[in-house]
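**Q** We have chain Y; now place chain U onto it with these hints.
2 protein chains.
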Amino acid sequence: MKKYKRNQRIGALMKIFSERPNHIFSYNYFSEIFNSAKSTISEDIVIVKNIVEEFNYGEIKTIAGASGGVVFTPKIKKDEIKKIQEELCSVFSDKKRIIPGGFIYMTDIFNNPYYVQNIAKIIVSMYEDKEIDYVVTVETKGIPAALMTAKEMDVPLVVIRRNTKVTEGSTLSINYVSGSSNKIQTMTLSRRALKENSKVLIVDDFMKGGGTVRGMKDMMSEFNVEVEGVSVVISTKEPKKKLFTDYNSLLLLEKVDEENKLIVIKPNKLQGF
Amino acid sequence: MKKYKRNQRIGALMKIFSERPNHIFSYNYFSEIFNSAKSTISEDIVIVKNIVEEFNYGEIKTIAGASGGVVFTPKIKKDEIKKIQEELCSVFSDKKRIIPGGFIYMTDIFNNPYYVQNIAKIIVSMYEDKEIDYVVTVETKGIPAALMTAKEMDVPLVVIRRNTKVTEGSTLSINYVSGSSNKIQTMTLSRRALKENSKVLIVDDFMKGGGTVRGMKDMMSEFNVEVEGVSVVISTKEPKKKLFTDYNSLLLLEKVDEENKLIVIKPNKLQGF
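Sequences listed follow chains Y and U, in order.
Mapping of the first sequence onto the working numbering: residues 1 to 273, in sequence order.
Mapping of the second sequence onto the working numbering: residues 1 to 273, in sequence order.
One or more hints might be untrue.
Copies of one chain are not kept apart here, so a pair can be met inside one copy or by any two copies together.
Straight-line C-alpha distance at most 20 Å; calculated EDC-like pairs for lysine to aspartate or glutamate [stated by the list, open to error]:
hint	residue 1	residue 2
1	2	54
2	199	218
3	121	19
4	195	108
5	2	80
6	96	79
7	95	139
8	5	43
9	121	154
10	83	32
11	199	108
12	49	19
13	75	19
14	77	32
15	255	87
16	241	254
17	96	86
18	165	139
19	5	53
20	237	86
21	78	32
22	165	258
The hints are simulated quantities; they were obtained by calculation from the structure and are not laboratory data.
Just chain Y, with the same shape it has in the complex (with noise of 0.2 Å):
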């Protein structure tokens, strides 16, 4: 069998924790795929663990235990959360993206892998202290940032329907009242796709009124589950009273000037930076 070098297993080591991130992984499944013996992936595993430090990268845990193995924990450098907020805002605040009626056009951006690949790292940075099994989200324009948190995050991503599906199975629907046009509104979600006593994030794309993010929260105690937190990308600076008003929000819009074709939007101060 093929044996490989040091900076050979350093470079393949640093490809699997970067590709899987808050994946624990036993020395077993090192120790075979580098045809090695696990003292060497050990001492390989220091030195990954100098590298992602060097960096700034986040950390490389080892766990002990029958469950255990070595995990690597990104975390988000404070300068670069900055740049990525005002990236955002930079590209959100063109004013061609003006819609009649005073919308903006933000589908583009929340489609896009790497700006949403960004919106997760940060999202999963504020949550880092905290056990979370599902990524929860309501379709449709918030699923891909939800998607690349709940891969940051190592756990699955729950879709929260808008109507009924047959191939979802027995389901549970809950009627609330959107916070901005006040009119009543359905959402379902299969009966399977959570366990009880679970602990859950929300991510969703947008809050104005905060009504969809209570209702997803109504939802969520219906199956039993505790929310640990609820992050969304952009929240609006009105209505000022929210429905909902425990939350993060990445950043905040403060006016769309459809006359003056202006779009103001900032950074927004993050809860733990």
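**A** What follows is chain U alone, placed relative to chain Y:
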């Protein structure tokens, strides 16, 4: 300014390339973050190239010219594809997934970052000789697999909606006939979503009659965009005669026997493998 050792730079390079495959990074970019001369970076790249080849991870290519740089193009091994296909067949064919009406509950798999990343790796490998500008899907269940495909290709994702939304600006809508239900349905897409004369890859979760994919292809014609390929995760054996035939399917659903609690689903022969 901080200087890094060679093995530290190698580790960082592997991380950077793994997190953004198919993206061209300039030598300047690396010079700046490592605070090293371009000649040093060139030597590092040679080592990274060797690591990537040694482990059959794909290819590191150097692109000359003003917009040139270095790019990591991942390649998946044939036996890895087989392993992923078999793992997917095994999770999809769990008899507990059978839903009244002969449907299969698949949502959790299509929302699982680990599975959709694996699915994306296979899809990307089938189109590595094509130039793709966008990955296109239709809401909702296919979004995660399509997003991961777009991420691996370093291109934007475009999501066709079922209903017109005010936040999409002016839209283009088409009607199509669902191949399985024979009903007339609508799909709609913002006129801003795609640039004319670009090339797209269509990705969807499930294909039965082929009507939805045919609708997507018709919509792409309306945008003057060329469809370079169509990839679905699962297609059904019946009906044999589908409204759309030129597609790649990772898995083939042969039978759902509700009475005897049996799902038969098999790896499909893939284009180019």
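**Q** Each hint should be assessed against the structure and marked as holding or not.
**A** Hints and how they fare:
When the C-alpha separation of residue 2 and residue 54 is checked against a cutoff of 20 Å, the pair qualifies only between copies, where the shortest distance is 10 Å, while the shortest distance within a copy is 30 Å. For the homomeric pair residue 199 and residue 218, the shortest alpha-carbon distance inside one copy (14 Å) is at most 20 Å, but the shortest distance between copies (43 Å) is not. Taking identical chains as interchangeable, the C-alpha atoms of residue 121 and residue 19 lie at most 20 Å apart whether they share a chain (13 Å) or sit on different chains (12 Å). Taking CA atoms no more than 20 Å apart as the test, residue 195 paired with residue 108 passes between copies only; the shortest distance there is 12 Å, against 33 Å inside one copy.
For the identical chains of this complex, residue 2 and residue 80 are inter-copy neighbours only, at 18 Å across copies versus 40 Å inside a copy, given an alpha-carbon limit of 20 Å. With identical chains, the CA atoms of residue 96 and residue 79 are never at most 20 Å apart, being 28 Å at best within one copy and 48 Å at best between copies. Taking CA atoms no more than 20 Å apart as the test, residue 95 paired with residue 139 passes in neither setting, with 26 Å inside one copy and 28 Å between copies. In this assembly of identical chains, the alpha carbons of residue 5 and residue 43 lie at most 20 Å apart whether taken from the same copy (13 Å) or from different copies (17 Å).
For the identical chains of this complex, residue 121 and residue 154 are neighbours both inside a copy (13 Å) and across copies (17 Å), given an alpha-carbon limit of 20 Å. Taking the shortest Cα distances, residue 83 and residue 32 sit within 20 Å of each other only across copies (16 Å), while inside one copy they are farther apart (40 Å). Taking the shortest Cα distances, residue 199 and residue 108 sit within 20 Å of each other only across copies (17 Å), while inside one copy they are farther apart (30 Å). Both within a single protomer and between protomers do residue 49 and residue 19 lie at most 20 Å apart by alpha-carbon distance, with minima of 16 Å and 18 Å respectively.
Taking the closest pair of Cα atoms, residue 75 and residue 19 come within 20 Å of each other both inside a single copy (15 Å) and across two copies (14 Å). Taking identical chains as interchangeable, the C-alpha atoms of residue 77 and residue 32 lie at most 20 Å apart only when they sit on different chains, with a minimum of 17 Å there against 34 Å within one chain. In this assembly of identical chains, residue 255 and residue 87 lie within 20 Å of each other by CA distance solely inside one copy; the values are 18 Å within and 49 Å between copies. Proximity of residue 241 to residue 254 under the C-alpha cut-off of 20 Å is restricted to the intra-copy arrangement: shortest distance 14 Å within a copy versus 54 Å between copies.
When the C-alpha separation of residue 96 and residue 86 is checked against a cutoff of 20 Å, the pair qualifies only within one copy, where the shortest distance is 18 Å, while the shortest distance between copies is 47 Å. Within a single copy, residue 165 and residue 139 get their C-alpha atoms as close as 13 Å, and across copies as close as 13 Å, so both meet the 20 Å cut-off. Taking the shortest alpha-carbon separations for residue 5 and residue 53, only the inter-copy value of 13 Å comes in at or below 20 Å, while the best intra-copy value is 22 Å. With identical chains, the CA atoms of residue 237 and residue 86 are at most 20 Å apart within one copy only, with a shortest distance of 18 Å there and 50 Å across copies.
Taking the shortest alpha-carbon separations for residue 78 and residue 32, only the inter-copy value of 19 Å comes in at or below 20 Å, while the best intra-copy value is 38 Å. For a Cα distance limit of 20 Å, the shortest separation of residue 165 from residue 258 across copies, 19 Å, qualifies, whereas the shortest one inside one copy, 38 Å, does not.
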